[in-house]
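Asker: Residue-level listing of the chains:
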Amino acid sequence: MSHNQVVQEFHPRVHEAITNPQIRANFRKAMDGLMDKRQLAFPSDDELQRTRELAAAIRLRALSKLPELLEKLEANLTANGVKVHWAETGDEACKIILDICNEKNAKSVIKGKSMVSEEMELNHYLEEHGIEALESDLGEYIVQLAEETPSHIIMPAIHKNTDQISDLMHEKTGTNKSRDVEYLTAEARQQLRERFEKADVGVSGVNFAVAETGTLCLVENEGNGRLTTTVPPVHIAVTGIEKVVENLEDVAPLLSLLTRSATGQHITTYFNMISSPRKEGELDGPEEVHLVLVDSGRSNIYQDDELLDTLRCIRCGACMNHCPVYTRIGGHAYGYTYPGPIGKILMPHLAGLDDAKDLPSASSLCGACGEVCPVKIPIPKLLVRLREESVAGDHNHDNSVVKGRGAKRKGMEPLIWKGWAKMHKHGGLYRTGTGLATVFRGLVPSNLGAWTNCRTAPKLAKTTLHQQMKARSQNNAASQKKDGGDQ
Amino acid sequence: MSARDAILNRLRHRRDGALTAPVSDFAVVTEKQWNETEKLDLFQQKIESVHAEVHRVSKENWLEKLKELLAEKQVKNLLTPMQAQVGVDTRAALKEDDVELLAYDQPIEGWKAELFSNVDASITDVRSAIAETGSLVLWPDLDQPRLMTLVPPIHFAVVDADQLKNTFHEVIVSEGWVSEGMPTNALLISGPSKTADIEQTLAYGVHGPKELVVLVRQ
Ligand code: SF4
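Keeping their order, the protein sequence lines are chains V and G.
Start counting the first sequence at 1; every next residue gets the next number (this note's numbering).
Start counting the second sequence at 1001; every next residue gets the next number (this note's numbering).
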């Protein structure tokens, strides 16, 4: 990862999280609520499954024409007066945004929620260059006040309870300490309104970019997204290259599944579709609109038929809401922008497996994520694939596109497995090997690394299965003989 | 090579070869059809479930209801359109009233502070409405700009019952959005502004209106 993130080891972070009762309670409560709400939002399983089929097909259709659709999107947006920029990396995207700000002499940027901007750490970048970047989504605002990162892709401040937020706002903004959520919200509204009035640039994410019409769609409840994209004189939208869809009608089923899967809402308060800057004579809206298309590893994922499914994601967060691991350790323990199941299949590409090697194995493979995913991403299958990639033991993936492949391969391990394979191919070797193992069974150490951290070491049986079976058939034969003799 | 060309180049030369597009069967969306009564009931139920206030009124007496609501909510000034019929009728009906009539008749830059702090409520019409999700469909324009439905704490929206469509998909297709060409901004509004970012507790009016009042004219 880039600039400021200190990537701490995964396991100590997890340990810290599971032993923190506050984190456990906050996440448990929130995830239970979200799972119930989602279920209520899909009263008909038939409708749910058919809409998932459709949504998956829409996303796959878009990916199957990705280069053409990106060009079409660019052409239509350009014709509408929107400036389109391309960035290979997050840093490049930050630089593009900084250049636009500098050109406009901008000193303050107000932001709508955008996970891609989190991914590229835009706020830090702008601040390092003397531009203040303020989050306006309430959850993001809270997280920013706390100098933290979001712990969930839809609900950034889900790890905090009301008391913690009240204390934080009191300390940082001087509000009264209060458990009254209405009061806290009204205070934040006031604080942010003043900033909206003065902001030079608004930065937002994009939920769907429609190639057919050159339209940027934003899904939100608060209205901060609409303010961000309407009040400041310049609007910069930033998105991953995979967010494009082919036709305008494609957004209808995607929107319906996105909001229901995410929070169980039949729709969000606002669905905001932006196709151009302020036109001649119009009385509000930005004079300039920019779109920054960010690759940052996505075109790499795109090369591989199996990994490609990762790019169907519409960032609803349902997979984390239903993940038994996420529910227990929360979002921060993962240590990356995208936590939970989607993070486990996405971050190894964005950050490289050498960096994110622990993520694919941080799963029980229970399958809940794949079952709820609105675009039917086979997340468990992709986790297994990334585990294979991390030990690089499978010759099927020799021409791999995964960055940092083989990061978990250890010196002795391949040799041991080679020996294991050889032994299993040769009957004689196998019998000698297992026979010897039982003879020296007392020598199995009680400390077997990661395995014995939370389990006892396995004990070998006194005799091998083959020996037991042999003894058994001899016994049987003997007793049959005896029976036969009596007749 | 520019970033653009490098990215497109990688996408064009996929290691695993070209992809084929699967068929998309929209039946699960298009088969959602209700009759007029059902549509209205569903619309009302859905939009009320997200905290909007709905009043069914007749085409003749809707302004009476509006006056009543303005008084009840102690609205001192009201931002109205100048050209849309809803605005013309409202202005005529409230001429003698105590409610001050405001107009969005200059670019936002000229009156940002005033709009942000001194406007109590606004009234607009809608382009259509959606039964399935209880949504208002708006294409803001010169007469009813974008911030008109966002900044004032109360938004009154006037909907005619025959403007109701089944689904968002039907709106896009039957109104020919693609062939007509998309406006600067198209918008669905379903309820007042809200957040659940503080411990999943719902609070309204976080950035936009605290109240959305829908008058359905039958
Ligand atoms: S992987 Fe699926 S469930 Fe998870 S965020 Fe993406 S779309 Fe939602």
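The hints are simulated quantities; they were obtained by calculation from the structure and are not laboratory data.
Beta carbons: idealized from backbone N, C-alpha and C, even for Gly.
It is possible that part of the hints are untrue.
[What the hints assert, rightly or not] Under 8 Å between C-beta atoms, here's a sample of chain V residues computed to sit facing chain G: (1) L66; (2) N105; (3) P253.
[To be verified] Derived CB-CB ranges, DEER-like: (4) D180/V to D1016/G: 16 to 26 Å; (5) H466/V to N1009/G: 22 to 32 Å; (6) R1012/G to E371/V: 30 to 40 Å; (7) E182/V to K1065/G: 20 to 30 Å; (8) E1031/G to M423/V: 55 to 65 Å; (9) K279/V to E1096/G: 30 to 40 Å; (10) T173/V to Q1085/G: 21 to 31 Å; (11) Q1085/G to G81/V: 42 to 52 Å; (12) E1038/G to A75/V: 39 to 49 Å; (13) P43/V to T1201/G: 36 to 46 Å; (14) Q49/V to E1038/G: 46 to 56 Å; (15) L1202/G to G411/V: 37 to 47 Å.
Asker: Should the hint that R1012/G and E371/V are 30 to 40 Å apart at their CB atoms be regarded as holding?
Answerer: 34 Å, holds
Asker: When the nearest CB of chain G is found for L66/V, is that gap smaller than 8 Å?
Answerer: 5 Å, holds
Asker: Falls inside 30 to 40 Å, the C-beta gap from K279/V to E1096/G?
Answerer: 37 Å, holds
Asker: If I claimed the Cβ atoms of Q49/V and E1038/G lie 46 to 56 Å apart, would that claim hold in this structure?
Answerer: 24 Å, violated
Asker: Does the Cβ-Cβ separation between T173/V and Q1085/G fall within 21 to 31 Å?
Answerer: 45 Å, violated
Asker: Between the beta carbons of E1031/G and M423/V, is the distance compatible with 55 to 65 Å?
Answerer: 59 Å, holds
Asker: How does the Cβ-Cβ distance of L1202/G and G411/V compare with 37 to 47 Å: does it lie in that range?
Answerer: 55 Å, violated
Asker: Determine whether the Cβ-Cβ distance between D180/V and D1016/G falls within the hinted range of 16 to 26 Å.
Answerer: 56 Å, violated
Asker: Holds or violated: the 20 to 30 Å window for the beta-carbon distance between E182/V and K1065/G?
Answerer: With Cβ atoms ~28 Å apart, the hint holds.
Asker: Is the hinted range of 36 to 46 Å satisfied by the C-beta distance from P43/V to T1201/G?
Answerer: 25 Å, violated
Asker: Could one say that the CB atoms of Q1085/G and G81/V fall in the range 42 to 52 Å?
Answerer: Since the Cβ atoms of Q1085/G and G81/V sit about 30 Å apart, the hinted range of 42 to 52 Å is violated.
Asker: If you check the beta carbons of E1038/G and A75/V, does the distance land in 39 to 49 Å?
Answerer: Because 42 Å falls inside the window, the suggested range holds.
Hints 2, 4, 5, 10, 11, 13, 14 and 15 from the list above are not met by this structure, while the remaining hints are.
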